[in-house]
Amino acid sequence: MALIIEVNHLSKKFSDTYAVNDLSFTVNEGDIYGFLGQNGAGKSTTIRMLLTLIKPTSGEINLFEKKLSAHRSEILKQVGAVIEKPDLYKYLSAYDNLSIFAKMSGIKVSQKLLMQQLQMVGLEERAKDNVRTFSQGMKQRLGIAVALVHNPALIILDEPTNGLDPQGIADMRNLILRLSRELGKTILISSHLLSEIELIANRMIIIHKGNKMVEGNVAALLDPAHTLIEIDTLDNAGAKQLLLQSKWALFIQKKIQLQLMMNKTEVPQLIIDLVAMGVQLLSVNSSHSLENYFLSLTTQSGHVEAFAN
Amino acid sequence: MIRSVKLIQLLIAVIPAFTINAQDVNTLITKVKGNIDKVNDYEATARMITNVSFLKVPDADVKVYFKKPNKLKIKNEKGISFVPKGAVSINLNNILSGSKYTAIDAGTDEIGNTTVRVVKLLPEDDNADVVLSTVYIDEAALVIRRAKTTTRANGSYELEMSYGKYAAFGLPDKIVFSFDTKDYKLPKGVTFDFDDGTQNNRSAADKAKSRNGKAEITFSSYLINKGVKEDVFK
Amino acid sequence: MWKLLQIELFKISKRPRTYIAFVAVAAIVFIFQFAFKADGQSYMDLMLQSVKDTFTFDRVQAINGYFMCYIILNTLLIQVPILIALIAADSISGEANMGTLRLLISKPISRTQIILVKFAAATIFTIFLLLWMAITALFLSLFIFGAGDMLVFRSKGDESQILLITRDDIMWRYSAAFAYATVALTVIAALSLLLSIFAENSIGPIIATVCIVIVCTIISNINVPIIDKNVKPYLFTSYLVGWKGFFYIGTDMDGKTIKGSLENWPAIRKSLLILIAHIFILITASVVVFKKKDILS
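Protein chains in written order, with the numbering used here: chain A, 136 to 444; chain B, 1338 to 1571; chain C, 26 to 322.
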């Protein structure tokens, strides 16, 4: 399988601080690659380096197995991107915007192609209207059309669901899945929401303060074996004593609350046992441990060893 | 000034020899005037060369219109010309038949190879603009070869004339008109000029010379007594 | 490259602010024409005040289309840098402000190309603006006031001069003057472009350009020998009015003008070369700075 993106020891220093620090990762052909991190984690800086907006302080980027710095123009012809907000020329129509960026990408532009593209994102009716009059969702869709108009092999989407309503988010998700499954595009998508990445990506990376925290298959990282169960009862201390004496003692986390780590398939049996033991249950919540870990990044900056690659 | 001139006039008047000559010059002037009087009007084609330090202009093809007694107009039909105000005095009528004057013989002089009679004309009117005119008359051809005029308001100017085929009418082929002029000053702050590095290295003598302007009018043809419409003088 | 330039010109043509400059020029020109049509004599009288006792001349003929254009350019070419800056200073900063710069840079176009295309577009805008000035200030004035010989009032050092150029000797001078003005204003465009790289909205670079032009123009017009010698030659604004050199007609020893001649062509040529050098330096600097810049907008 071809390597579409290969990033080696990439760093970017802004005055005193590293926005990206010694970052390495790879994206394979056909991947939907999730790029996860809190705001300010270095996602945008990395994406901007991939698109040559920012020059790396050190490290190397290869796209399509070619050095980006040496084959910039050739490589960028095969890349489409929406970077943060889909900002376009407000004083131009949707059609003109699309036409301009298609020409800049070096392809032959026909009216048919442009209208097809607008149709794909549901803007054919508004083709002649100025972008100034568009809603955020429409701009986002036009941004996608601009990113796709030159039929790129690699699509980079920086926080594509920002500012969208739930329907817009769902539409975006479907579009991304379609691009991947039907058209075989490689997609790099950044987000600060694990739930979003979880639904579409096959591989992912989590970065924090410019450093890589985790990289791997989404299926493996979100393995149900790592399900965290949180139990709330009328008498948590009593319940804990009962559990410590049972076979479930192994799963108990060393915390004050009642937390157990287990495979998701075992949860029904646990509930049966708890009821059998006479524990007065208020609630049983299951969540994936990666999600908890990711959430914890907002409050602490530690590198959790269990998730080191 | 006027008083001293009057005094000189008085002194001259008491010397009999000169008074006899004064009779002669009056006859001479009458003869010269006789020639000039043949012309009721004319329209002449001429070329005017202006030489004034602050004025950078090309030679101009002009028409000169004259009508008795003292109307004169220099016109550039095709463009703009700066015409010295005193240039109306190229009409010699202005000098000879204007207000009344006293003619005084001031001997002879030479212009080129011609001996000329020098006559001073003193206006009798104390308030006349002209203070003193001096004319140099070619007694053989009965034409004025040179005239110097001092005025109250417009400084002094000088005419120098050469004659050809229109001499019988007292009309010159060429007039060189010299006059006093002031320096030209642009109102302050109206332009941002391009300083091309050209320096003004004029000496004080040059600057003094700059106060003197010249206009040279060369006539190529006259249409005499064919009538000139009034409105050209407006 | 040509395709990119077409795109750039298309963008400029679609922006309302592009037309502000054309409207402003037309407005100023019309006001001048109206004022001179109504009372041009007084202006002429003012200019000729000091010689009115010595000379007579035809004021009606002196106020003609050629003269009007000179008077208008004399005033307007000091204000036009602002109008040029309005477009040129927006080149990069405007894209940054709108957010389109990110997209632009991520396209397979080199940054050098972007700068060169932006510069070319600003230059073309400048040319169009000057053509518009030629149409309104020259041709419309000729239509309103007619043609005739042209008077040029000039101060030269501590003296003043009146130059008279015959009507058949003027058009080529205007062609040359407009060409020169194009080069001079292109320096402004190049300066604005350079400044626009540093900003993320166009207000800053527009103001900065205008300030630089105003300050340098003021210094250029301080008539103190020490500044004349040591400062002026290094200010590009000293050369902006060089178009007037084409109206400083050459004269012979007697002060008679020589048709088709220039008083000091080497000085004009030198000014022109200095301006071109400025353009070259400013554009090179723009390319270097822009290539190094991280796009964070």
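Just so you know, the hints here were simulated from the structure itself, not pulled from any lab data. Backbone N, C-alpha and C fix where the C-beta goes; we use that ideal spot for every residue, glycine too. Do not rely on the hints blindly, as some may be mistaken.
Claimed, not checked - Just so you have them, the derived chain A footprint on chain C, three or more residues with Cβ under 8 Å: (1) 132–138; (2) 237–244.
Said to hold, decoys possible - Per label pair, the in silico range of CB-to-CB distance: (3) C/77 / B/1367: 35 to 41 Å; (4) C/51 / A/144: 38 to 44 Å; (5) C/314 / A/426: 42 to 48 Å; (6) B/1449 / C/77: 34 to 40 Å; (7) C/253 / A/267: 50 to 56 Å; (8) C/193 / B/1566: 36 to 42 Å.
Stated by the list, open to error - Which residues of chain C face chain A? A partial, calculated answer using Cβ under 10 Å: (9) 31; (10) 177; (11) 321.
To see whether the hints hold, each was checked on the structure:
1. Residue count for the stretch 132–138 of chain C with a Cβ under 8 Å from a Cβ of chain A: 4. That meets the three needed, and the coverage hint holds.
2. Counting residues of the stretch 237–244 of chain C whose beta-carbon sits less than 8 Å from any beta-carbon of chain A gives 0, not enough to reach three: the coverage restraint is violated.
3. Range check, residue 77 of chain C to residue 1367 of chain B: Cβ separation about 38 Å, and the 35 to 41 Å hint holds.
4. Taking 38 to 44 Å as the suggested C-beta distance range, the pair residue 51 of chain C and residue 144 of chain A does not conform, at roughly 60 Å.
5. Separated by about 45 Å at the C-beta atoms, residue 314 of chain C and residue 426 of chain A satisfy the suggested range of 42 to 48 Å.
6. A hinted range of 34 to 40 Å for the beta carbons of residue 1449 of chain B and residue 77 of chain C is consistent with their spacing of about 37 Å.
7. Taking the beta carbon of each, residue 253 of chain C and residue 267 of chain A are about 52 Å apart, inside 50 to 56 Å as hinted.
8. Separated by about 29 Å at the C-beta atoms, residue 193 of chain C and residue 1566 of chain B break the suggested range of 36 to 42 Å.
9. At about 8 Å, the closest approach between the beta carbon of residue 31 of chain C and any beta carbon in chain A falls short of 10 Å, and the interface hint on this residue holds.
10. With a cut of 10 Å, the hint placing residue 177 of chain C at the interface with chain A is violated, because the nearest CB-to-CB distance is about 43 Å.
11. A least Cβ separation of about 7 Å between residue 321 of chain C and chain A falls short of the 10 Å threshold, and the interface hint therefore holds.
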